[in-house]
Amino acid sequence: MPTPTYTSPFTGTVVEQTDVTYQYITLSDSYQLYWPPTTPQGEYSLARIMDIEPTLADQYLILPKANEGAAGTDSFMVNRGLFPFTVYGYDQTQSWTIAPGVGLYFYLNNNDTTAGYWQNVTLGAGTSTADAASLAGS
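Quick note: the sequence shown uses the working numbering, first residue 267, plus one each step.
Everything labelled a hint here was simulated from the structure, so no lab data went into it.
Cβ atoms here follow ideal geometry from the backbone N, Cα and C, with glycine treated the same way.
Misleading hints may appear alongside valid ones.
What the hints assert, rightly or not - Cβ-Cβ distance ranges computed for the label pairs, FRET-style:
#, residue 1, residue 2, range
1, 288, 387, 24 to 32 Å
2, 366, 336, 29 to 37 Å
3, 366, 304, 14 to 22 Å
4, 338, 358, 20 to 28 Å
5, 348, 379, 32 to 40 Å
6, 287, 308, 13 to 21 Å
Let the hints inform the model, and build the full structure from the sequences given.
See the structure below:
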């Protein structure tokens with residue numbers, strides 16, 4: 267079976283994916299993520315915003331094939347669990363560990379290969395709490 271082509275016959279550029287805005291995953295196993303239009307039934311899509319709750323240590327997600335996605339496609343993943351988890355690029359040469367309470371913003375910088383090149387920015391590292399004295403200005 268030939269590999270499907272995701273380029274526009276009109277412009278020759280990669281066709282943008284259908285946008286899945288939000289996804290919550292209870293990470294009790296490791297999963298391959300897929301681009302929204304090609305996600306097999308029962309599997310997970312790469313969404314723009316993802317809350318991930320790992321229930322065990324050493325769990326991971328694998329990003330979809332970069333060459334089937336558009337450069338600039340992004341996803342914000344937040345670890346809502348008690349355990350860190352790892353995100354791998356499609357060929358597993360790139361990896362990032364997301365600690366509990368931390369969010370990573372990923373964007374696809376280069377989609378020339380299946381692995382591509384994913385950039386990321388750490389957001390929400392650390393926690394904060396409000397107490398009555400701080401709120402009252404004391």
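Hint-by-hint comparison with the structure:
no.: 1; hint: 288 <-> 387: 24 to 32 Å; verdict: violated, 19 Å
no.: 2; hint: 366 <-> 336: 29 to 37 Å; verdict: holds, 31 Å
no.: 3; hint: 366 <-> 304: 14 to 22 Å; verdict: violated, 31 Å
no.: 4; hint: 338 <-> 358: 20 to 28 Å; verdict: holds, 23 Å
no.: 5; hint: 348 <-> 379: 32 to 40 Å; verdict: holds, 35 Å
no.: 6; hint: 287 <-> 308: 13 to 21 Å; verdict: holds, 20 Å
Of the hints listed earlier, those the structure fails to meet are numbers 1, 3, in rising order.
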